[in-house]
Every structure is written in C-alpha cells, then in structure tokens.
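Chains as they are written, first to last, in the working numbering: chain A, 1356 to 1651; chain B, 1120 to 1543; chain C, 5 to 280.
These are computed hints drawn from the structure, not numbers from a lab. Incorrect hints may appear among the rest.
[To be verified] Quick list of in silico lysine-lysine cross-link-like pairs, BS3-like style, CA-CA up to 27 angstroms:
1) Lys1368(B) <-> Lys1280(B)
2) Lys1409(A) <-> Lys1537(B)
3) Lys1616(A) <-> Lys1537(B)
4) Lys49(C) <-> Lys1618(A)
5) Lys1368(B) <-> Lys138(C)
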Amino acid sequence: MKNNRFVYTILTPIFICMIVFTLLPILIGLGISLFDYNPLAVSSPFIGLENFKKLASDGVFLIALKNTVIFVLVTVSLNIVLALLIAQAISSMRSNRTRSFTRMIFFMPIVAPLAASSLVWKVMYANKYGLFNNILGHLGLPAHNWLGDPAWLLPSIILFTLWADIGYNIIIFSAGMDGIPHDFIEAAAIDGAGPVRRFFFITLPLLGRTTAFIVTMTLISHFQMFAQFEIMGRSAGSPGGGGPNNVGMVLTLEIYKEAFKYKNMGYASAIALVLFLIILIVTVISQRISRSDWRY
Amino acid sequence: MKRKLICLLLAFMLPGLLLTGCQKSQTTKGKVSDGETITLKYWTHLETPWNVSNDKLIAAFEEEYPDIKIEVEAYPYDDFEQKVQTSLLSKSGGADIYELWGGWAYEFAPTGVFSPVPDELLNDLLDDCYEPVLGAFEHDGAYYGVPMEFNAEYGGMLVNKPYFDEHNLSYPDTWDEMISLATKNSVSKGDIFDMRGFDFISFDSLPYTWLSMILSSGGTYLEGDTFNFDTPIAKETLKKLVDYVKVNKVTNIEGLSGSDIENFHWLFLDQALMVPRGIWSIPVGEEEFDITYGEEFDYVPMPFYGTEKRWAAETGWGLAVNSGSANTEAAWKFISFCLRPENLVQLNIDRGMIPPRKSVAHDPAYVKAVPYSKPILDVLDGASFVGPINTDVLKESICNMYADIIQNDTPIDAAVLKLNQDIQ
Amino acid sequence: MIHRKKITPLRIMGMLIAAVVIFAVVMPYIWMLLTSFKSTPEIMKNPDKILPIQWSINGYIKVLTRSPFFIWFTNSLLVSVSVTLLVLFTSSLTGYIFAKYQFRLKNLLFWLILASMMVPFSVTMIPNFLIVNKLGLYDSLAALIVPMMVSGFGIFLCRQFCEDIPDSICEAAKIDGAGDFRIYFTIILPLLRPCLAALAIFTFLESWNDYLRPLIMLEKVDSMTLPVALSFFSTQHGNDLSATMAAAALVMMPVTIVFLVFQKHFIKGIALTGSK
C-alpha cells in the first residue's frame, strides 16, 4: 500500500522520540567523553582522548571490566545450560498440570523487581543471621561471609541472578521443545536412540534458532545488570555498592557511580562507550556463531 | 561522507550547547507570593529524632516570623547526598536551605552554589565554635555553611555493661588494658563472631580510630593541606590495627563488607564488648533495640593510644543556603534562629548530639539533659579538624585500603602509598 | 507417547530432585514472608528459628504508616500502565506501517529501529539524564514515561506479526473505502491481539521493575517508584530489617499474585515472543 501522508505523519513523531532518547544520546555520549565534563565545575575543557587513556591505569575500571566479563560469561552459560536441562525435564513430565506448575514456579521470580529480591537475598546471605549460613551450620559446614568475602561475592550474585532471571529462558526453550514435531522424537526412539542422544541429536539442533535468540538477548541483558550489584554490594563500608574495596564492581555500576556520585560525566561517558563497544562486539559474534540453518 | 561529517560536528557541539544551556538555566527558587508570605524549601535527611526536633523548631520560627513558611522535605540517608548533588547540578528545583554533611560541603563551596554566611552571624560563630565544626565550610577565607553539631566519632565508647558486671571486670583505663581485655573476651568461630571484644570496624570508626591514634601518639598525617600516610607513626599504628583483627581477633571486617550491620548494633545485640562510636548511637539503640542506657549498656571515656589526648573530628551536619534562591535573606534568618543558643541547646538535646558552640556545649541544661555526653565533652578541646577533603572519599579510601590489607595480605608500605595516591 | 513409562527408581529420584529444586526456588519467598513477621532484634538474635517466635506486624505497620507507600504504589502503577499503553499503540501502528506500506527510506528507517534495540540504557544514561533535564522533565513521572514511549523491540515484534496478515485483507478493505486508520483499528489491531498481549506483559514488567532509570531521574520521596523507594528503610545507621522485609513483601506480592492468576497468559505470551 502507499499513502505517504499517513506514513510520514505517524513516523515523524515516532522517530523524533526514538532519535532523541536512543540514537542522539550515543552521539552526545561520544562528544562528552572527549571533555572533562563535570556539571558542577566552572569549566569543562576539551581533553581529547585523555579519558580513554586514563581507563588503562584505573584500577577500579579494570576490576569492573574483569568482573563484568566473568559475570556475563559464567551467568549466561550457566543460565542457558540449566534452562535447557530444566526445560527438557519439564517436557518429560507426564501431566500437563505439573508441567505448567513447574513453569510457573520458575517464572515467578521474573515478575518481582530485582531491587526487591536483591534485598531479600541480601538478608539470606547475611553472615550471622542469614539463611545460608544457618543451613550450613546445621549441616556442620563452615560458614562464609557471602557478600563480604571477595572470593564469594561474585558467585553469590551469580547464584541470585540465575534464580531471578532463568525463568524467561526456561519458558522459551520449553515452548521451543513443545514445537518439535513428535514424529521426530518417536522415530528416533524407534531407531533405538536413548533420551540423552535424543536430546543432543534431535532436540538441541532443532532449537538452533531459539538458542541463537536466547543467547543474544541474555547476553545483552546481563551486560546491563545493575540493581543486584548496587544493592548486594552496598554496605556501611562501601556505601555506593560494588562490594568491599570495589571487588564486586561492574561497568554499569561504575558508570553510574562516576557520573552521578563523583560527577565525572566525561570519564563516565568514556566507560559507557567501552561498555557499548563490548556489547556490540559480543552480540555480533554470538549472532554469527549461533546462526544456524536448522529448520523443521 | 557528508552525513558522517555532520554527525561528528553534532557530537562535538552538543556538550558545548548543553554546558551553556545549563549555566543559563539558573532559575530562581522559592516564590515571593503576593509580597506577603515567603515559602522556603528545606531539605534534610530522614531520621526520626531529627525530623521531630526540626518540626518543633520550625513551628517556633514560623510563630516568630509569620511571613515566612518552611516546607521540609526529608530524604533517606542513602539517597540524600545524591539528591543534593543532583539538584544543585540540575540547577532547577532543589531547595532554598540544605542540610549538609560537612564532608560534602567541602566540594560544593568552590562552585558557588551556596550563599556565603552573613558577616554578623559569622563573627558570632567564629569566636564561639570549635575548630573542627567550621573547617569544611571554609573556602578561600569565606564560609559557605554553618554547623549544627560537633560530630565526634571518637573519644568515647559504648560498653556492654552487663558483661562487665557479670565477669567482674572494670572499664579499661589505658589502651593496652583495653586491647588485652578485648582479646581475652572475644569469642569467634571462623568468620562468625559471638562476642567482639573491641569492634572498631565501621565506615566511621576505623578511619577515626586510625587518624586519632596517629595524632595521640604525637604524629600527624597532614602536611599543610596535603595528606601523607607514608610516615613511621602512621604505619606503626596501622600495623597495630591490622594485628587486632588478624592476631588478637577482637573483631572481623564484616562491618566494611557486605553487611548492613554496624559495630554498635552488635553491642546492642549483646554480641560486642566495647565499640568506639559517637553518642548519637545511644538514642538509636534505645529506640530500635529497646534497651536502656545505664542498664544494658554504658558510655565511657575511651583510653587514648600514646601520650597525647588528641583526636580527629570532621565537620558534621550543618546548614547551607542555595545561592540561586530568591530568598537567601529569609533563609539566613531561619538559620540564625536555629543557631541561637537557646534553640541550639534544645536541638542538640533532642537529637542527642554534641553542640558545635562552646557556650552551648557547657550549658548546664545540656549536660544535665544528655548525661552520656560527658566523656566526649571532657576531651572536646583535644579535637582537630580532619583536613580539607571530602571525608566520604577519605573514609572510603581508608576502609578500602584496610580491607585490601586484611584480605589480600598487601604489605603496609605499599598500602599507604596507594592510599596517598587515592586521596590526592 | 509410544509406551507408557513405568514408575522406575530413576523416575522417583527425578521427581525428588524436581521437588527439591522447586522448593529451593520458592524458598526466598517463604523466607521473606516469615522474616517480615519478626521484629528486627529477633531477626538478628535468633537466626536459627525459621518461624517467628513472636509474630509481629510492626514491620508492615511501619511501612504503611511511616512512609508514603501508597503514593509510591500509585506512581509505579501510573508509570507502568502509561508506558504499556503508549508502547502498544506506537508499536502496533509503526509495525503495521512497516509491514504494509511502501515508502522511501523504508529499509534505512527499519534498520534504525533495529539499531535502537541494540542500544542499552546503561550506556546512554548520562545523555538521557541531560536531555530529560533539558526538557524540564527531571523529577517528574514524565521522565520515566516520555523516553519509553517508543520501543524498538515492540515495533519489531509487531512488524513480524503484521507480516503474517495477508495483504489481500488490507487491500480489500481499502477498495471498500476504509481509511488507513480504519484498517488499523478494525483489521490489524484485533489480529495483533496475542502479540500485543505478550508485548504488554514485557513492557509492563520492564517498567514496573526498572531501578536504574528512576534512580537517576527522580528526586523527591513522593515522586519515587517502588523499586527505588525500598532503600527508604535503610537509614544512615543501619537497616530496619523487619520493615525492609515487609516492604519487599508488599512490593513483590501484588505482581506475583497477578501473575499467579494470569499465569497461563503470561507464559504463553513469553513463549510467543521467543518464536519470532
């Protein structure tokens, strides 16, 4: 169909909004990152690539970079593997009722704000009065300072994030598995393939497109995780979040802290651009790798 | 090609545009409505006893000045600093009068966002205030805020009275006695403590314990306006503090890491023996833990490390006026009203704080109403201003350094050098 | 199924594991609810008692009387509902245009939409703050609504679904004299219903749970949304655990209950978006 007047009257405001709040900010961010921009300061001089040079020697940034990469890689891979396993387990359940009940349970944490569930888990992780240490104590195992010990902080946040976020992927995988025609599986079963082989040689390849979608979406969303790092890493000794001595810092939190706590908006913009580049590269790579031609 | 050029141009021009825009949009706050009533916006942090005493004071003020109305907006502490900064930075909205922590004011003063203290009020204060309480409000000889309290995080400590009574122990008179008492009575299993002998680990206690130890052993960490911790005394005292956790095991660093619980909470829960903290913690304990001063706990003088009775204190809560406000004069009227000795005394009694003015601190009415303030009042003259720095940065850097030493076995020499760098 | 499976020991073990895992997933909810009925000193002093020794609703009383909880709730609801409605409208309309109309620059514009999906808020938060500030929206609920009105994901999703609608239907309607808007309202919208339901769930949850944006854009206690307002109960010196748990429960339970009631639609909706 054609009707330019209609099309452009609708699209103009839509694109203005999109440009102002999504695309323009990238350019502005790029611009700001070249200035020593502090809104409180009297002057904000142009400093070229100084902000980017500073990154290489900024210990906190390097920790944040390392943590972000580790967090995303570990959480996303665990998330996908577990989601696949659980989805497979769900699809092997016999009654429809248990199936939808199990799905519902796993999806429940998704509807709770991360900020609220982080607070609850923070109390569960507490050293003296927390749930986890109590269970360990009853089992006769040594307690851990989950959120205070640098070795345990990231694993603790990863465990929480898995709990909070895995539901989406379970549902999507589960739907994907339900969509696989029964003939395929039955034919394989008749040919003598066991459940493990069926999973790896039939289900998994047929879920190729779904997996590609899930991997990309999960990667993008995990690079942006913020609330749990701010809330769980926040304590009297590290009021801004990020854990003791910044051991739990991630890029999103550092951008926020630099920009809104220390007012180094120029420097924070440089970090933001680094994060943007990483997300861009990782997404493109993940799309390339997981692009699959399996169709049914 | 052309499009790329335009994009680049835009990218460079935009921050400039924004900058000029921000500076121009300095709007005026507060409205002078029909030339009669002036409404002042007053931002404070949220803490029940504070807000109650504020309301009382405001009611009294509005009675005396019927043409001025004060609207209070109280914020949770965690967000407060952020909100103050953001509002000063966005230069729209915001308040006429800000309650400010001296440590942050230090960074605002040079930016011109605050109106200087009127001369008359200033002269009155300069003679009558302790040194630490004005320190952070000064910039280039001018003052941009006034103190409402003397923030002492050192000089006195909370003690677990029932424990001392039961075990027939007396409160320590010397530093060494205190440490040996703490060591003997600490009970822990791994990282879990059942009794913390001397819990000096918190965002405030740790830095002030260390800085005061340096001062009271005759040293200093300030060279002019520069901080320097690479000195024998600083390293020796730091080594002691590290040993208290690693060797003596009188507490652990939970208070710096991953816990919302602070050292004085442990004392109120009967899980700590001695805790250096300001007297503001006493009403918190009485209200939130439902225990009584003089029964479940006591407040006593803390022995000094070394020979001199010197310690460090920072500029605590104060008030400042937005220089963009249309009603700075009315705002200063209110602040002068708060600082009148008779009002200040009541305010400090209600909040359980140490008064910033010498005349008020030794007012018999105050001493009588806040009996537990005595250990601190006795040593007020030994306090010196912590130094020209955003104290949040100082405290965070010291705490990070300490956590780093304990957790990663970083050598003390390297740690203090890094600290020097962090706070430059 | 080719043959009915018998109850084997392996299957029993599987069921047991499933039961344990399911319990572990629900555990935080149980813990939160039980803890919210304890007093703060009890939480800290008696960690090994799972059930409250003395049931107390002081946490809830404190949340509901000492904080503007209902204002926060209304703010959250207002923002999430407006954003959802606006996104449904803009996405379906734009998706319809991209699927059914021919115009210049169509490919470039669609590429822009895809590109905008790749731009995360954490990257643009600083310019976003500056722009919102410049537009005079700072510290208003509009700061959370206006920038979220257009969703690249929503447009993309709607376009995919619109493409499944045969062109002939639209063209037939056009020949019958129906205007563009009429076609949109009478033909496209009803056919997009499943897609819009899914998009609504996504958008609502995203907006309802958002933490970073309101943290940056809002200032006054009374203009906060629920996720940011939770820090209200951790004051300068410590944390009222009882009130915090009660507040967390009050924030988490309403959406959870809505979800439990409509869970079938939720799960169908999510699954639907995954297939596109």
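### Query
So which of the earlier hints does this model not fit?
Structure breaks hints 4, 5.
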